[in-house]
Amino acid sequence: MIGGRSQRVLRSTLPAAVAVLVTAAAELLLPASAFAHASLIEREDLPLPEELFIYGALVVVVVSFVGLLLGWQRPHFENAPSRPAATWLSAALLNPAVGTACGLIGVALTALVVYAGLEGTAAPDRNFAVTFVTVTFGLGMIVVSVFLGDVFRAFNPWRAVGRFVSAAFTRLAGQRAPTPLAYPEWLGRWPAVVGLVGFLFLELVWGQTGFGLVGLEPRAVAIATLVYSAFTFTAMALFGVERWTDRGETFSQYFGMFASLSPLAVEDGALRLRRPLSAATKWVGTTAGSLALVLVSIGGTTFDGAQEGVLKSAIRSLFQRLQDGGLDPVAALRIANSVYLVLSLLVVAAIFWAGIQGMRIVERDRSARQLGRDFAHAFIPIALAYLVAHYFSYVVYLEQAQFSFLLSNPLGAPGTDIFGTADSGIDYGVVGGGLIQWVQFFSIVIGHVIALALGHDRALAIWGNTRDAAWSQLWMLVMMMFFSVLGLYLLSQANA
Amino acid sequence: MQSNGARALGALAAIVVLVVGFVVLTGEEEAGEGSADPPVASTPAETTADTAGGGSGGDQRESVENPNPKPKPTDDLTTIVVAGGEPEGGVAKLDYEVGDEVRFAVESDAAEEVHVHGYDIEQEIGPGRATEFAFPADLDGIYEVELHESAVLIAELTVNP
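Protein sequences, first through last, are from chains S and F.
Heads up: the first sequence begins at 1 in the numbering used here, then just goes up one per residue.
Heads up: the second sequence begins at 497 in the numbering used here, then just goes up one per residue.
Don't read these hints as lab results, they were simulated from the structure.
The beta-carbon is built from N, C-alpha and C at its ideal position, and this holds for glycine as well.
Treat each hint with caution, since some may be false.
To be verified - Under 8 Å between C-beta atoms, here's a sample of chain F residues computed to sit facing chain S:
1) H613
2) G614
3) L635
4) D636
5) G637
6) I638
7) Y639
8) E640
9) N656
10) P657
Said to hold, decoys possible - Chain S regions said to be covered by chain F (calculated; three or more residues, Cβ under 8 Å):
11) 41-51
12) 269-277
13) 415-429
Put together the whole structure using the sequences plus the hints.
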């Protein structure tokens, strides 16, 4: 789906997307049936008022035009300098003892996930494994990365084990562990892209509820963790621990993407402070698969939002058709959801490429592939905005569970109460519906304004003059308007 | 030049089509909400007795998606009838504002337990009687009302802020 083929992808996906959306609209008139929701929490967010997405798009347009074009003559983020953080802080955080301790914590938590998943209760909401992997780790680590940088690197259980094994090998064999294969440059971050799609599949498709499915089963989480670990250790043995962590390991890449927005970085073993957002272009670099990772993140959240609103009836009707065709309900539900997950990813990719094609008016010498790489980083804040908007309340509720009853009773076994908090529940009143809606609205709007700022900055760096930069960014603006409207629209239709 | 211009125009056209698609879709849906939606709830209509006959679902006297529902008069009670383990007329929609009192009743041809999620209210239901639920709507959001044993969804409680 890169370069010349983008045309074909575009031509085939866009009409399909429109068809799907129109079908979805038509099918909203069909009777609603009892499709169950996510099973970890009991409260669903109220739909966002519809008029908000018009305002959202307007704000994005006005702010970006006025703010960026008038006062922005030279790049502010590109190659922004960084400075060293206080030496004592650097020394306190980045030493072997802390590194080892973090690694051990990561390994212990992974072991607990597998143990709880296999031995604990089958109820997803009472088992440590499900909430920890999908919320505390899968979403919480994103928040940590954005503020504090690539913290996951220290806690990465696979890297910790890999380093331990190579150190042991070096001591016993008297030589460094060999890496049988050189990591091919063209592979870039693609293994991580595949891994992220797999993670989304596990969460959003495999973890469906309804027809005897109770949501994401703890056992499935444990088995997925074991399978992913086996795969990761094999890859590390073949390509080297650090090499695989820096390129192919899904969560290092996924969290590292968000860490590139943070003001903290580690360079040559020392902690440095940098301008927030300034490392995003460096993160993309010339590494293959970076753009795909950004777009998969956006597409995954899009699908999750659409599942409960815009695409609900379309998925249901495909499910019905598959079931009528003789499939059992569970298989039919999973296939229907898979189809729409893939379609959501394709639609997001298609919109991006449409915008890139527009930009080529300004710079015909740059290939679509080159431009895609040039502007991929600007979409990281959008991926973040989508995640915040869709999962803010979800994280707030489930972290209460994580740090109360799931902490005291990780297996959900009767009678266990380690910290005396096993009987507490989730207080759904802790954030009001009004606050949630404001967070949703502003995260989308601010995310897109930041994205435009990064795009404009990049355009100035590439073209050197404000005029060409502005022209290229007109297309960026179209894309941003589309993504902000899409984001707010999905929220206004969810559970509506 | 030509091909690039054409390509760019094509891309623009595609985006316009998508955006228009969305707008049309929204419009259609708004139109649909008021008129063509099928009856999905038992409405606050029949006062007593004959609800056992099971006719409650089809009677669409008052739109349930009324944007501004008044607190319901005490004798005007939404009744959900469960027959054969399923709610008659589909999943009922219960709409309230924070501060209202949530009131509804459940009748069932078999013994079960009803669980209002989020509010964590549980009551037994059974044949030959209507079990009444009444509690203040103090948490906004959307919550499921389920049969506890079978996990069948019988109503969706929406509390607007």
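Tested hints:
1. H613: Because about 4 Å separates H613/F from the closest Cβ in chain S, which is inside the 8 Å limit, the hint holds.
2. G614: 4 Å, holds
3. L635: 5 Å, holds
4. D636: The hint holds - D636/F has a Cβ within 8 Å of chain S, the shortest such distance being about 4 Å.
5. G637: Holds. Min distance 4 Å.
6. I638: OK, holds: I638/F within 8 Å of chain S, min 4 Å.
7. Y639: 6 Å, holds
8. E640: For E640/F, the interface hint holds, since the closest Cβ of chain S sits about 7 Å away, which is under 8 Å.
9. N656: It holds, given that the least Cβ distance between N656/F and chain S is near 6 Å, below 8 Å.
10. P657: Holds, because the Cβ-Cβ distance from P657/F to chain S comes to roughly 4 Å (cut-off 8 Å).
11. 41-51: holds (count 6)
12. 269-277: Three-residue rule not met by the segment 269-277 of chain S, so violated; n is 0.
13. 415-429: holds (count 3)
In summary, the one numbered hint that this structure violates is 12.
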